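Put together the whole structure using the sequences plus the hints.
Next come the chains, spelled out residue by residue.
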Amino acid sequence: MEKLKVLWLSALACNGNTHAFFNYPQLEHFLDNFEFIYHPVIDSQYTLKDIVSKDIDCDILLVEGSVSEEFLRADISIVDIIKKYSKIAKRIVAVGTCASYGGIFKESNYSDVSGLFFKEDQEVERFKEFKDKSINLSGCPVHPEILANTLFAIKKELKITLDAMLRPKEYFAYTIHNGCTRNEYFEYKVDNHEFGELEGCMFYDHGCQAPFTHGSCNKLLWNEVNSKTRSGLPCMGCTEPGFPRENLFSTKKNMGIPEKLPLDIGKRTYLTLAGITKAFKIDRLEKKLMDNK
Amino acid sequence: MTPKKRQKYEAIIQKSLELFSSKGFYNTTIPDIAGSLKMSVGNMYNYFKSKDALAKDIIHYISSYLGEKIKLINEEDISTKEKTTKIIKMYFDTASSKPEMIDYFLRIYLSNREVFAESCQGMVCVNEFVTEIMIYFEEGVKCGDLRDQDFFSAFGLFMGYLGGMVFLNGENILPKELDEYVEDISNNIYKALSV
Chain D
182 MEKLKVLWLS ALACNGNTHA FFNYPQLEHF LDNFEFIYHP VIDSQYTLKD
232 IVSKDIDCDI LLVEGSVSEE FLRADISIVD IIKKYSKIAK RIVAVGTCAS
282 YGGIFKESNY SDVSGLFFKE DQEVERFKEF KDKSINLSGC PVHPEILANT
332 LFAIKKELKI TLDAMLRPKE YFAYTIHNGC TRNEYFEYKV DNHEFGELEG
382 CMFYDHGCQA PFTHGSCNKL LWNEVNSKTR SGLPCMGCTE PGFPRENLFS
432 TKKNMGIPEK LPLDIGKRTY LTLAGITKAF KIDRLEKKLM DNK
Chain F
185 MTPKKRQKYE AIIQKSLELF SSKGFYNTTI PDIAGSLKMS VGNMYNYFKS
235 KDALAKDIIH YISSYLGEKI KLINEEDIST KEKTTKIIKM YFDTASSKPE
285 MIDYFLRIYL SNREVFAESC QGMVCVNEFV TEIMIYFEEG VKCGDLRDQD
335 FFSAFGLFMG YLGGMVFLNG ENILPKELDE YVEDISNNIY KALSV
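From first to last, the protein sequence lines stand for chains D and F. Numbering follows the numbering used here, with no gaps: position 218 of the first sequence is 399. Numbering follows the numbering used here, with no gaps: position 24 of the second sequence is 208.
Just so you know, the hints here were simulated from the structure itself, not pulled from any lab data. There may be inaccurate statements among the hints.
Within a straight-line C-alpha distance of at most 30 Å, the following computed DSBU-like cross-link-like pairs (lysine-lysine) qualify [said to hold, decoys possible]:
id, chain 1, residue 1, chain 2, residue 2
1, D, K462, F, K255
2, D, K441, F, K265
3, F, K265, D, K434
4, F, K253, D, K459
5, F, K255, D, K448
Here the structure is a predicted model, which means the values were calculated and not measured.
Take a look at the structure:
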């Protein structure tokens, strides 16, 4: 089977996307279709030195991590390496939120840290000329299936529709709230949650960002089993340009009203609905789902 | 509802408010209201299935009337201090020009919970009004004018104060007109709520 040549470059990164990707259940099948000409962790045909010193043919450039002119790989600025391979590769994929929007390394001491095409939600000039052939797969880390499926879509030359932040709508047109098993608690404004437990919506008090975060975590489960919100941890908004914000475990409110409301829901609409649902006390939702007694 | 029906519906509400205010809620019957509007009782029931349903619609009507007025103030590009004064002035103006409306809210809605228990749980029937007060508070906190606190501690201070003044006014205890208290009360409320 003809394999697409993939170059995985690690910029300012924790390698979280690399490690998450190793949990992709069909990794062998993936490797039958794609060949890493270089990968920071997997054995590959070329070394990093080869990559920076030669012009090696590749189909897809994957970049993990934020970029800064100051950050070097094999004594060469990561910006120069990315520029060189951006010209060679047919498609560029930013893997994870750092490569997409700058992520947590914006807080580091490196100067002018950004994603490939954005710093948070603002476009940056650095690689603008390559934007048309690029895709952002945000997430901290990106869901392995989203990465693999997107690469297969590139291989099959399928049309990939992107949103304004360059993310495939196939996975990012939804909010994390879609498919959350706690929706009933959200609807009736019940946040009697304790971390790790099954009951309660975490939006009202516990900092859950699912209603305004784009992604498919509750459609494509993690490790095919679970998601943060299903297991009892608030969504941290890791696919969004502003990630990470502070105080991930509490909901910022102004006089009782959450500062950030569900995506595109007007304040009056939200308050009207919330005021109505809050009026009803539903005993079933106040109790434990499973009583051990 | 056709415009003509809507007009009739509002006329019934207005007349009911007047009668409830002058004769009392329990002393006013559906035939009384129909009679004073020269309507047949049968026709009245086309609009309201029962006195309780009428009572519920009236509180909705008052809530949306006041809510709409506060919404206009909320949408103005003015400081929280100015909004506070305007909301209080609007509330007192309403209490003076439509005393039966505020009277209904204070003396019937808040005092006869059994009438509203079934269909007006929590704040369902006063949603429009409460929503606008929430927005006034929330925007005040957001722009740094008001102190962040539990909604109800602020709401109680605001509405308790205004309700108390309107009640005293209704009892003819106040030495001055309600309007003359607007400035002092606005200052007091704003000082209590501000950072």
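Now for the hints, and whether the structure bears them out:
With a C-alpha separation of about 29 Å, the suggested pairing of D:K462 with F:K255 holds against the 30 Å cut-off. Simply put, D:K441 and F:K265 have alpha-carbon atoms about 25 Å apart, close enough for the 30 Å limit, and the pair holds. Of the pairs offered as hints, the one joining F:K265 and D:K434 holds, with about 21 Å between alpha carbons and a cut-off of 30 Å not exceeded. Note on F:K253 and D:K459: the hinted pairing holds, with a Cα-Cα distance of about 24 Å set against a maximum of 30 Å.
With a CA separation close to 12 Å, the supplied pair F:K255 and D:K448 stays within the 30 Å bound.
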